[in-house]
Amino acid sequence: KQEVTQIPAALSVPEGENLVLNCSFTDSAIYNLQWFRQDPGKGLTSLLLIQSSQREQTSGRLNASLDKSSGRSTLYIAASQPGDSATYLCAGNNLYSGAGSYQLTFGKGTKLSVIP
Amino acid sequence: GAVVSQHPSWVICKSGTSVKIECRSLDFQATTMFWYRQFPKQSLMLMATSNEGSKATYEQGVEKDKFLINHASLTLSTLTVTSAHPEDSSFYICSAEYINGGVMQYFGPGTRLTVL
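Here the protein sequences come in this chain order: E and D.
Residue 3 is where the first sequence starts when you use the numbering used here, and the numbers rise one by one after that.
Residue 15 is where the second sequence starts when you use the numbering used here, and the numbers rise one by one after that.
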């Protein structure tokens, strides 16, 4: 089954810095990959979704890439702001015949702190 | 569009009682819904896949008699935690599968369960 790993587990950067969050996955038969943001005690906010046929997606200061051959995805955040402080989760979507449905497998997340 | 709600947003109950959590897709129909559990500082773990009109598919290690799932309609799935104990205290999040040219999951805001 799919396994998703995110490094680093935590990251602290000064405001204004550009940063990269890393995500790796073991099953390259991925249907799509999503990046989410989670604030403490809250649910998930979807940031970007990359289909398996795509290489990257951009939304504002966020850019996510997908390299199926190497089993990696990155989330690039430009000009970080204190409001970007949150936990960022990467999730791979695969079809599992046993369950007869697509399933998301989540990484443990990277906790980002942007220092003013 | 594609909004998922959960009710209640938080619940505190005594040990031994049962708690029902509702997950609704507000503006789309979802044949498939998912239930996740998230312990503090951990990632989301899939508990079960809920299919409208049929039995749920539980992940390994999840007790089906303790976590009862009913997908009564195309817009409603319920998770009942039976005879809750303090170790069941967690953040429970549901998602609904949305199919529109592709497959995506939209997430509810989560339910914080505290068992005393």
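Source of the hints: derived by calculation from the structure; they are not laboratory data.
Keep in mind that a hint or two might mislead.
Below 30 Å or equal to it, Euclidean Cα-Cα: the simulated DSSO-like pairs (lysine-lysine) are [unchecked claim]:
| hint | chain 1 | residue 1 | chain 2 | residue 2 |
| --- | --- | --- | --- | --- |
| 1 | D | Lys34 | E | Lys44 |
| 2 | E | Lys3 | E | Lys44 |
| 3 | E | Lys70 | D | Lys55 |
| 4 | E | Lys110 | D | Lys80 |
From chain D, some residues computed to sit far from chain E (all C-beta separations above 10 Å) [stated by the list, open to error]:
| hint | residue |
| --- | --- |
| 5 | Ser57 |
| 6 | Thr94 |
| 7 | Gly124 |
| 8 | Arg126 |
These numbers come from a predicted model, not from an experiment.
We treat Cβ as the ideally placed atom computed from N, Cα and C, and that holds for glycine.
Structure-based check of each hint:
Between the alpha carbons of Lys34/D and Lys44/E the distance comes to roughly 19 Å, so the proposed pair stays at or under 30 Å and holds. Among the hinted pairs, Lys3/E with Lys44/E is consistent with the structure: their alpha-carbon atoms are about 27 Å apart, no more than 30 Å. Pair hint Lys70/E plus Lys55/D holds up; C-alpha atoms about 28 Å apart against a cutoff of 30 Å. For the hint linking Lys110/E to Lys80/D, the alpha-carbon distance of about 25 Å falls within 30 Å, and the restraint holds.
At roughly 4 Å, the least C-beta separation between Ser57/D and chain E is not larger than 10 Å, which violates its mark as non-interface. Separation of Thr94/D from chain E is adequate, the least Cβ-Cβ distance of about 20 Å exceeding the 10 Å criterion. Against the 10 Å criterion, Gly124/D falls within the reach of chain E, whose nearest CB is about 4 Å from its own CB. Distance check on Arg126/D: its Cβ comes as close as 7 Å (rounded) to a Cβ of chain E, failing to clear the 10 Å threshold; non-interface status is violated.
Consistency note: the structure conflicts with the earlier hints numbered 5, 7, 8.
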